[in-house]
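Student: Chains as they are written, first to last, in this note's numbering: chain A, 1 to 280; chain B, 1001 to 1255.
No wet-lab data here; the hints were simulated from the structure. Where is the CB? At the ideal position from N, CA and C, for every residue including glycine. Do not take every clue at face value.
What the simulated footprint calls covered on chain B by chain A, stretch by stretch (three residues with Cβ under 8 Å from a Cβ of chain A suffice, anywhere in the stretch; the number is not a length) [said to hold, decoys possible]:
no.	segment
1	1053–1067
2	1073–1082
3	1087–1093
Only pairs whose alpha carbons sit at most 25 Å apart, straight line, appear in this in silico DMTMM-like list of lysine to aspartate or glutamate [as the list claims (entries may be wrong)]:
no.	chain 1	residue 1	chain 2	residue 2
4	A	K181	B	E1153
5	A	K181	B	E1015
6	A	K181	A	E228
7	A	K181	B	D1145
8	A	K181	B	D1086
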Amino acid sequence: MCMTIRMTTGTIMRGMTMLDDFLVRAGLAGVGLSLATGPLGSFVVWRRMAYFGDATAHAAILGVALALATDLPVGFGTLVVALAMAATVAGLAARGWAMDTTLGVLAHSALALGLVAVSFVPGARTDLSAWLFGDILAVSRADLGFIWGGAVLVVGLLVWRWQGLLTATLSEELAYASGIKPDRERLILTLALAVVVAVALKVVGALLIAALLIIPAAAARGLARTPEAMAAGATAIGALACLAGLALSLWQDTPAGPSIIVAAAAVFAATASLGRLIRN
Amino acid sequence: MPGVQGRGMSLIAAEGISVRLGGADVLRGVSLSVAAGEIVTILGPNGSGKSTLLRALLGIVPLTAGRVVRTAGLRLGYVPQRLAIDPSLPITVRRFLSLPVAVTDAQAAAALVRAGLPEVAGRQMAALSGGQLQRVLLARALLSDPQVLILDEPTQGLDQSGEAAFYRLIEDVRHATGVAVLMVSHDLHVVMAASDRVICLNGHVCCEGTPQVVSSAPEYRALFGLGTLGALALYQHVHDHSHDDGHDHAGHDHA
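For reference, chain A alone in the conformation it holds in the complex (with noise of 0.2 Å):
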């Protein structure tokens, strides 16, 4: 990035022959992807989200199979899919059923149905675990400026509402009584999570787009005293879980997305006993 910023002939010729390079491009979707969800999975985590996650991440691959069959670009279907149960779980939220059950049978039948209906598309079957698991080693040009516009989509919608979201999340009451509708806020998280399942979808799969969502913001708590900087943490853990994920995925050809969870992973059992050690 801040190779484009000195605008001279050579660095910019420089800069697309990296973007060349397949690692250069895995290691910038995935710190593009952080950026998004260090502050989207910090408020999955505070408003105790995950299954919501889960559900949403969950009907990607029915998104998959749909934008496969229709011919449509693969990450139009993901969004399309993932807005449409966001929206229903929000909608169900709203009318008060038992979240526990209600997500966990929307989560899981969404995850079904949409391997049922990937199996009827030709040609699909063999990239199952691409959707699954994600194929940040493929990533392309086009998939680049897709994760980055995704990302920075959802990081203005995060900014700009942040306050308002913020309220929210502390207590509903507080924020009517400010005049912010608890509502509209729920609805702005909807949507970003929805970009982000659509965006994720490459990088780590729709199994574990949950994980990078909440992993990196757990690791993040026991280390922050503010939201903003349990979020700008999460994004720097994410960010740090990419890059060692895929150095491990390179040299012990491990499989790139979960590698990266399992780095993420390792963060916060670091932070997490760290934090123990600091309160003690």
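Go by the hints and put chain B onto chain A.
Tutor: Okay, now just chain B, sitting in the frame of chain A:
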């Protein structure tokens, strides 16, 4: 009488509001109004709809009848009954005071001093005691320079001296800023002393007036028993009359 200065100039009012929650009529045709500078206390047993009434005034619960009228551009400070912060959310007192409107360090410090709690700005919200948390919530509510302060059982979980101190603080704040106060309580004695006007609620307004008038009203005695303290009276309550016979006390029998 204190609090009479603003009479007639209603800041926020409920006009015959009814609320239905989960198939039950929680509020039936409740009217009340709060004028500038007065302290109004809503008293009632558990399940009498006190908190629901506040939530209706704040626009949190939908009304099935009636309406809530606010003066244009009303600045409202709200102190909730409790604030359960998820342990996963780290937040200092200082940061909390800047929600949802960012305030300067000087403003935050001044609000904490006014609430009688200097030097906690750097503490985690989760590390505060019950009494400290109530004062921080009050400090935050004061930062919006409110015309009306709404408090929902603000002394729940405080001991008696803490309770008395908190109500003294509310009175001090009213004197210093002229803010009107609407609060909910079920502890009779402390509240009676600190209120200009008391409204007895049991789904509907049973009686209303100065603490002296209300404490001798038959409806109040039926609601709380004679001389008994809160907890006991709550379970003795069998009073559920209708006001259709025309002895409506709302708002005209005090001063």
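Student: Taking the hints in turn, state whether each one holds.
Tutor: Cross-check of the supplied hints:
1. 1053–1067: holds (count 4)
2. 1073–1082: holds (count 4)
3. 1087–1093: holds (count 5)
4. K181/A x E1153/B: holds (24 Å)
5. K181/A x E1015/B: holds (23 Å)
6. K181/A x E228/A: holds (22 Å)
7. K181/A x D1145/B: holds (21 Å)
8. K181/A x D1086/B: Holds: K181/A and D1086/B sit about 20 Å apart, inside 25 Å.
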